[in-house]
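Asker: Protein sequences appear in the order of chains R and G. Per this note's numbering, the first sequence runs over residues 1 to 403. Per this note's numbering, the second sequence runs over residues 1001 to 1403.
Bear in mind the hints are in silico, worked out from the structure with no lab data behind them.
Mimicking BS3-like on lysine-lysine, the simulated pairs with C-alpha atoms at most 30 Å apart in a straight line are:
#1 Lys1124/G with Lys40/R
#2 Lys1040/G with Lys35/R
#3 Lys1124/G with Lys29/R
With the C-beta cut set under 8 Å, the calculated list includes, among others, these residues of chain R facing chain G:
#4 Ile70
#5 Phe73
#6 Ser99
#7 Cys106
Given the structure is predicted, the values throughout are model-derived calculations rather than measurements. Glycine is no exception: its CB is placed at the ideal position from the N, C-alpha and C atoms.
2 protein chains.
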Amino acid sequence: MDVKELWQIGLPMFINVVMSVVAFFTTMKLIPKFKNTFIKAHLFGIDMNKRTSEKIPESLGVLSGCIFLITLFLFIPVPFGSRFFNGEIPHDEFVELLSALLSICCMTLLGFADDVLDLRWRHKLFLPTIASLPLLMVYYVNFNSTTIIVPKPLREWLGLTVNLGILYYIFMGLLAIFCTNAINILAGINGLEVGQSLVISSSLIIFNIIELSGNQWKAHRFSLFFLVPYTATSLALFWYNWYPSLVFVGDTFCYYSGMTFAVVGILGHFSKTTLLFFIPQIFNFLYSIPQLFHLVPCPRHRLPKLDSKLDKLNISTTTFKYNDLSFLGKLIVNIFRIFRIIKWQEKDGYVITNNFTLINLVLLITGPMHEARLTIFLLIIQIICTVMAFIIRYPLAYIFYDI
Amino acid sequence: MDVKELWQIGLPMFINVVMSVVAFFTTMKLIPKFKNTFIKAHLFGIDMNKRTSEKIPESLGVLSGCIFLITLFLFIPVPFGSRFFNGEIPHDEFVELLSALLSICCMTLLGFADDVLDLRWRHKLFLPTIASLPLLMVYYVNFNSTTIIVPKPLREWLGLTVNLGILYYIFMGLLAIFCTNAINILAGINGLEVGQSLVISSSLIIFNIIELSGNQWKAHRFSLFFLVPYTATSLALFWYNWYPSLVFVGDTFCYYSGMTFAVVGILGHFSKTTLLFFIPQIFNFLYSIPQLFHLVPCPRHRLPKLDSKLDKLNISTTTFKYNDLSFLGKLIVNIFRIFRIIKWQEKDGYVITNNFTLINLVLLITGPMHEARLTIFLLIIQIICTVMAFIIRYPLAYIFYDI
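Start from the sequences and build out the full structure, keeping to the hints where you can.
Answerer: Given below as structure tokens:
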């Protein structure tokens, strides 16, 4: 690669970083200014894990989201450089950029609507499906590559490649639904939503930078264009959302974050790798299933409970009669008991267990913990899982694929 | 044009109409279902022109807007027909569609944020500028035609055409700002916002249909793709917003409506004609300027006042000392007095005038009127102006241009 090429590749990235820095400081400045506006608009919550019952402004994610979007709007011409001005713009890349923005913008709108209107669960699954439509359509038009390479051990039966066809689109749609909701259900203590999103986005950034030297560098640079301003604006939000939270981030943040990860994964052709960085979220989702699908009674809030004397968080619990469970419910709780991943206490014919979330599971293992410490602990788990993901993606993948 | 061509042109339009009918019934069905959700979310207003003080859900425009957007998302592949599936999609048209959707989606998000957070005036000017960025960029990339044909009487000095360059982009940006805010300030009585928008969209639809026979038919069909579902969803909203309003539409509706009109005008290359359908809004804006720029004191609400004995609306007024006005303020009110378009009453050294809105001006001329009657009266004015617009656009334009 000669100097001119390096300049052409590097300059848009440099401008992106500069714009992201500006976006960071803008978000830092605007959040405190808008705090009271949100409270006035009845967008606030009471922090259930604090001794005070102060009103904390909620859904500030819409602010960081809008700044993220505005940054990208202004960035639109940059990747195309002089080609933008002399009419030689590559329309397929332009289409990708616009569809990605459309999906993220739509998800921000729907997320904010959810925050304000407090929609039901079934809407939460429906909304990301809608928002990912433009994205999937552009994927169809631009690539429509639904062929995957089969891992070596399975090639004897399946051959070198398998064309998944429509199944691949269903996979991508489910990815969008999963990413948007996964962060939302691993939540409830100060700083965790933004913290985990920052770990995921940083992991993806590192992965993209590694892959910049490969021949798919364009797709990975495309991903960086989104992830750098995303990370910058989220970092500013993190500053105010860290323990003790001055603002809450809302579903808006979880939704547009998830959609951003799904967008770069799908259009950057690394959707499977993206999923690798969601290991704690996948575990949390699988672990939550019995409660999400009401096989085990699910209270309105599953976040841990404050022991106000110690100022530490402890597990929250759910109580039920064993015989009220369905067959499937009984089966699952028994599997969980065998693996010792739930607390099980019987009293007066009732069973008391912890709520099935990763946060409660951590507290079950470690014992009561201070909220900030617990968030750090969970973020460390997220980082360890990222390291595992890199090991799976690089050394291990060589065993299964010829890369 | 042979049968095959007609089929290719007509089929997407037919599908669009069918989808719009579905969108209409969906909106009709969902608005009553969501009414309480909005009230619970503190999104409600008290109708100041009614004797009761019932809570009326506010910002229902976000619902019709989302259904409008979802309809268009699902419609994305349709205009391209089989070309969508065999990889021959014309990317420039695809880019137009996506950027139009992005601008409308972004405006819906920002409008809803304004409704919920009650943003300030300066934001109201800033938001449409942001939302129109993708649109203007696509205009630049796809057309960058900033040359206008000079009307005959001026050709002696300016020549046949003038290239406006950057000025043309400023014009388009201002058009977006004007369209989004113009509907918002001609508001305040039941059904007026949606009513005028429906007259404008229907006028544009008629104009597009007339122009379908011309050689710019593609641009006009593009416009219809947006305006038909827009009109369908707005009609359903109108049903519930008509006197006595069961729901209010919010800034969200005014914003995304204005952006839709700006989008089709800009990408359809008929932005000047679009403006022609805004005559009452332009008059109302010019008439409002003294109060909008605080040259004359502007109360928080300028909507007419209910005379509850008669159940009729009467003008609302503003009171000030003549000598407190600036030079410019004095000049303007005197011009208004010469043209007899304001009420002027002096009492104890104070001046009492009506608030400078088209609604008050109508009441000044007609005397107190029932709210529903007043809305109908204003909508008839809007329709008369549409007829005028068509006369200007067709017979008169032949005098100034060789068409």
